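Protein chains: 2
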Amino acid sequence: MIRIFKTNTFYIVLVLLLTQACSPKSNERETEGGLSEDALPSWNNTEIKNRIISYVEGVTNPSLPEYIKPEDRIACFDNDGTLWSEKPIYFQFYFVFDQIKKKSKEHPEWKNQQPYKAILEGDHEALMNTPLPKLLEAIQIALAGDTPEAYKAEVKAWIDTAKHPTKKVRFDQLVYQPMLELLDYLRANDFKTYIVSGGGLDFMRGSLIDVYNIPSEQILGSTLKTEFIETDSGYVIIRQPELDFIDDKDGKPININRVIGKKPVICVGNSDGDLAMLQWTSDQEHKNLEMIIHHTDSVREWAYDRDSKIGHLDKALDQAKADDWVIVSMKEDWKVIYPQGNSK
Amino acid sequence: MIRIFKTNTFYIVLVLLLTQACSPKSNERETEGGLSEDALPSWNNTEIKNRIISYVEGVTNPSLPEYIKPEDRIACFDNDGTLWSEKPIYFQFYFVFDQIKKKSKEHPEWKNQQPYKAILEGDHEALMNTPLPKLLEAIQIALAGDTPEAYKAEVKAWIDTAKHPTKKVRFDQLVYQPMLELLDYLRANDFKTYIVSGGGLDFMRGSLIDVYNIPSEQILGSTLKTEFIETDSGYVIIRQPELDFIDDKDGKPININRVIGKKPVICVGNSDGDLAMLQWTSDQEHKNLEMIIHHTDSVREWAYDRDSKIGHLDKALDQAKADDWVIVSMKEDWKVIYPQGNSK
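Just so you know, the sequences run in chain order A and B. Residue 324 in the working numbering sits at position 324 of the first sequence, and the numbers go up by one each step. Residue 97 in the working numbering sits at position 97 of the second sequence, and the numbers go up by one each step.
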């Protein structure tokens, strides 16, 4: 519990409750007609794209000294702001607020009780002024009590219908097409891809498995405590109203070490919350690739970094520049942001 | 921390600090000459072997109603007493005691201080009379302070040389040949096999990856807390002298849910510490297989169950009988216990 109150920003900490594919073998794939096919078609042909391809081609070439065996090809991706958008607030919050509204029928007292009152009235100003422990407690009550299976089913029903307040499309349509291509390109080259996010583990497992074509055991996130109990109808796990682990900042390398037990060779993030896992990745014997998704496109997405509470990118941007990490400018390096015709 | 003191036996709790293959497609494989090859050659042709094969053939047959998709074929195995022996005490203890002996040079005071005195003198009687918190604290001090990488390297060096006190072979030669074949048979049928043990996660990752041919991300175990820190030489994770999680009893289904996010369809254990994950496995929509390895062979291995502190099997044996789980008698069902010519 103590770790929560060490983190700096209101938003990053809160996220503890939160969070498509094709398939060529290498970037320039020979097609039947002998023409080459681009595995990263939504990336502009910039230096950034070249660095990614050059890295992957190098470490997968057994005749080169930088060759990495397939079992060590671990690639870890942050989720919010790295694989899908995170503005105006983390998408999981919309789910949480919807849940609190749903449960408010059983809690008439919430109408006059903060922070429920602010959530029910959509009063973001009041929410931001709510003391953190109070807000966390409220959210825990709203999100605990179910089995993980039941909770994930609720998340799934929500993600299949809920729409973003300004973009007016489903939240899962706000994934980044270039990142879907990158995930797929890496998998085609025998990288095992993981999501490592401050978002809630069950939220992500309920909403993102099909979106990113990723199995639940390759998703790491923040967790509530759980209990195993015997009921009249059987044996179940129940989500408890108490935080267990915050998968943010130092928590990211700690969780990667615990769950995977290997250091990633590729690490991608977009905020200071990803700095620790980027630093950890950068310090190893294998050739490694650290990447920052920089939100530079105010027209097609949002533009923000050092001054933003959500996706706060300051120290990590400084270190990325100093250490020559790959900094992806969404405006310059991406042909498209979201999938075209992303409907289901 | 509280969970530790809830567990019943001295040994099971302590284990928090603890802790090969061939490949045919199905049991009766057609060989080139048209003869069939047995995937479980070290299993006697008993009802038990038939039940295992019948289960696997059923759930992997797409034309049968019990068919399970490959991504849901999760098989979880306990380690101590299920995949390798655990007598006279859990093998990790020998490593722990060796470590304490090694570090005792820097701690001359240990000669007169319990429980170090008992450990250094090999006084098992005194050890069993040591209050649990005191013993745990002592072991934590001996095993914390390293990076996971350094600790795993120490474990590896130990497992490659240390010998069992009475069997006079290396500890990793005391794995069960029939279980190596079962692991392999399941993998050949697209099951993802996991170890879920009360043993120490880093201990198992240091010693068992090659023995069971299992990647580190498919090993779940008990953990110490860790910290991520920046040192003069880089960014490292350090094992702290504080317990984080005990992967035993209720902790097993809880950890499976957290790390894998799917309920296993096959679960194998040998003691009451495995009961919760066996119960959880038994309660689901998929056809499932619960298995108990029953230590019945006093000549080739050890014979024990209800009265043993190590591998205490009492409630789980009752439920296995009541619910018709598969109970493997090592004496009746296994042709051999340990691998023949298991040297490296």
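Each hint should be verified, as a subset may be incorrect.
[As the list claims (entries may be wrong)] If you only want the chain A side, here are some residues facing chain B, beta carbon under 7 Å, derived: (1) 62; (2) 64; (3) 66; (4) 67; (5) 121; (6) 147; (7) 209; (8) 226; (9) 234; (10) 241; (11) 260; (12) 279.
[To be verified] Straight-line alpha carbon distances no greater than 30 Å define the calculated DSS-like cross-link-like pairs of lysine-lysine that follow: (13) A/102 - B/156; (14) B/156 - A/192; (15) A/156 - B/287.
[Said to hold, decoys possible] Take a look, some chain B residues computed to stay more than 10 Å from chain A by CB distance: (16) 64; (17) 101; (18) 114; (19) 148; (20) 162; (21) 201; (22) 216; (23) 219; (24) 227; (25) 234; (26) 321; (27) 336; (28) 338.
Honestly, the hints are just simulated from the structure, not real lab data. It should be emphasised that the depicted structure is a prediction, and the values quoted were computed from it without experimental measurement. Beta carbons: idealized from backbone N, C-alpha and C, even for Gly.
Looking back at the hints listed earlier, which ones does the structure fail to meet? 1, 2, 3, 4, 5, 6, 7, 10, 13, 19, 21, 22, 23, 24, 25
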